[in-house]
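Q: Residues per chain, in single letters:
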Amino acid sequence: MSIKSLDPRITREQLPDESDNNPIKELHQWQTYEVFHQSKKGDRHIHVGSLHAPNAEMAILLAKEQYARRYKCVNLWVVKTSDVFITDYDDEDMFEANQEKMYREAGGYKVMDRINKFKTEHKKN
Amino acid sequence: MYGGGYIFEESKNGHSEEEDQIKLQKFEERIAAGEKIEPSDWMPAEYRKQLIRMIEQHAHSEIIGALPEGTWITRAPGFRRKLALMAKVQDEVGHAQLLYSAAETLGKPREQMINDLITGKSKYSNVFNYPAVTWADTAVIAWLIDAGAIINQVANSKGSYGPYCRALERICLEESFHLKYGHDNVVFLATGTSQQRQMVQDALIRWWPPIMHFFGPSDKISVHTETLMRWKVKMASNDDMRQKFLDMYVPKIWELGLTIPDPKLKKNNETGKWEYTEPDWEEFKRVINGDGPCNKERLAVRRRAEEKGEWVRNALLRPSEKYTVPLS
Ligand SMILES: [Fe+2]
Ligand SMILES: [Fe+2]
Chain A
1 MSIKSLDPRI TREQLPDESD NNPIKELHQW QTYEVFHQSK KGDRHIHVGS
51 LHAPNAEMAI LLAKEQYARR YKCVNLWVVK TSDVFITDYD DEDMFEANQE
101 KMYREAGGYK VMDRINKFKT EHKKN
Chain B
126 MYGGGYIFEE SKNGHSEEED QIKLQKFEER IAAGEKIEPS DWMPAEYRKQ
176 LIRMIEQHAH SEIIGALPEG TWITRAPGFR RKLALMAKVQ DEVGHAQLLY
226 SAAETLGKPR EQMINDLITG KSKYSNVFNY PAVTWADTAV IAWLIDAGAI
276 INQVANSKGS YGPYCRALER ICLEESFHLK YGHDNVVFLA TGTSQQRQMV
326 QDALIRWWPP IMHFFGPSDK ISVHTETLMR WKVKMASNDD MRQKFLDMYV
376 PKIWELGLTI PDPKLKKNNE TGKWEYTEPD WEEFKRVING DGPCNKERLA
426 VRRRAEEKGE WVRNALLRPS EKYTVPLS
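In order, the protein sequence lines correspond to chains A and B. Here the working numbering is used: the first residue of the first sequence is 1, the next is one more, and so on. Here the working numbering is used: the first residue of the second sequence is 126, the next is one more, and so on.
To be clear, the hints were calculated from the coordinates, so they are not data collected in a lab. Computed from a predicted model, the values in this text were never measured in an experiment. Note that beta-carbon positions come from the ideal geometry of N, C-alpha and C, so glycine has one too. Careful: at least some of the hints might be erroneous.
[Unchecked claim] Which stretches of chain A does chain B cover? Using the computed rule of at least three CB atoms under 8 Å from a CB of chain B, they are:
# : segment
1 : 2–12
2 : 49–56
3 : 65–78
4 : 84–91
5 : 99–110
Given these sequences and hints, build the entire structure.
A: Here you go:
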């Protein structure tokens, strides 16, 4: 028995109505790439998601369809997921010292108090 | 679209006992504080399992959901509508891609998900087991099924799993075009000739029961989902989403002078809730388990697409490559 559909194209395909269980194989969807999108020249590239592709050229092609189909895009990067190295959220504490190192921050330098004090002292004299 | 009325696996009570209680508590605190869970974070096995199930069903619903409308591309009335329908169908297939990636971050490879779909092991939204008999059916689908999907997806985009939320934000942007496009098509028919009005009325009569099924079984009979709600996997109860849908769209259907095939449907002004004839949940179960008008066709078409693409996948396959789980 083949499938009868309201769509004549499907009926013409004479699809069997039982599964012959021919599963797709490992890696048949290829490896994954991460996609970075730039919406305007001068802006930074922003990570927008990932996709499957057999090579970088195809990844660009698919990224254009998947992530740049709408809204402005001037440039795309794709990077193989396996080439991305990542810090561990469990090691988040390694960034914690940042706040203590105020000598590296613009906000760590407050001079107005001293200047004002200096000015009032000099007016007196 | 799509994907309301997910089928969650019934969880055995006390599954959390096997989990590390300290980690579990921290995990639940993070979710309660509105933080997002990322793929590399610790998560309970049950959370991972139910999320894979839900996101996978959602992805399948997008890819299968493109089929009923897709059959009308070659027969669309006019070039502009053909272009618009092609764009919508492409969007839906793109949604599937985004969602498969999100599900993969939880550890299930895409090939396995596709195999589970084409062998009938995993489910997709039940509404797509019904046929699009005329062009008007595609209009009703694009308007009302997508409307239902938007309610569901907007709710889910505020869930706890980062990759799923980010995919949904992108998807929701595109859905607004689907909704407008569908509404435009319905309005065109409903304000057209008497034959066009009849077409869209008939389509509405055919699609009303599946639409009422869309958000899944009534809260009275659906499995317990408190844990899933606390974990922000499920964001609203089936009945609440159905009420929201009725609130937003019944007036818009009525203003076109169309008849909804449910004599009991009315808003109770005291409770603020819609009253309706209880949908036929036996039919829902029967269809979702394979016995609907189009189940076999949908899977056969999907299977044929995989078979026909196999030589391309083989030609481009590099055996030296290794699969890497996508980042987010
Ligand atoms: Fe969609
Ligand atoms: Fe849609």
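Q: Three residues or more, CB to CB closer than 8 Å: is that satisfied between the segment 2–12 of chain A and chain B?
A: Since three or more residues must qualify, the claim that chain B covers the segment 2–12 of chain A holds, with 6 doing so at under 8 Å.
Q: Within the segment 65–78 of chain A, is the number of residues with a Cβ closer than 8 Å to a Cβ of chain B three or more?
A: holds (count 4)
Q: Count residues of the segment 84–91 of chain A with a Cβ under 8 Å from any Cβ of chain B, then say if the count reaches three.
A: Coverage by chain B holds here, the residue count being 4 at a Cβ distance below 8 Å.
Q: Three residues minimum, CB to CB under 8 Å: does the segment 99–110 of chain A make the cut for coverage by chain B? Let me know.
A: Violated, because only 0 residues of the segment 99–110 of chain A bring their Cβ atoms closer than 8 Å to Cβ atoms of chain B.
Q: Count the residues of the segment 49–56 of chain A whose CB lies closer than 8 Å to any CB of chain B, then report whether that count reaches three.
A: holds (count 6)
Checked against the numbered hints above, the structure violates only hint 5.
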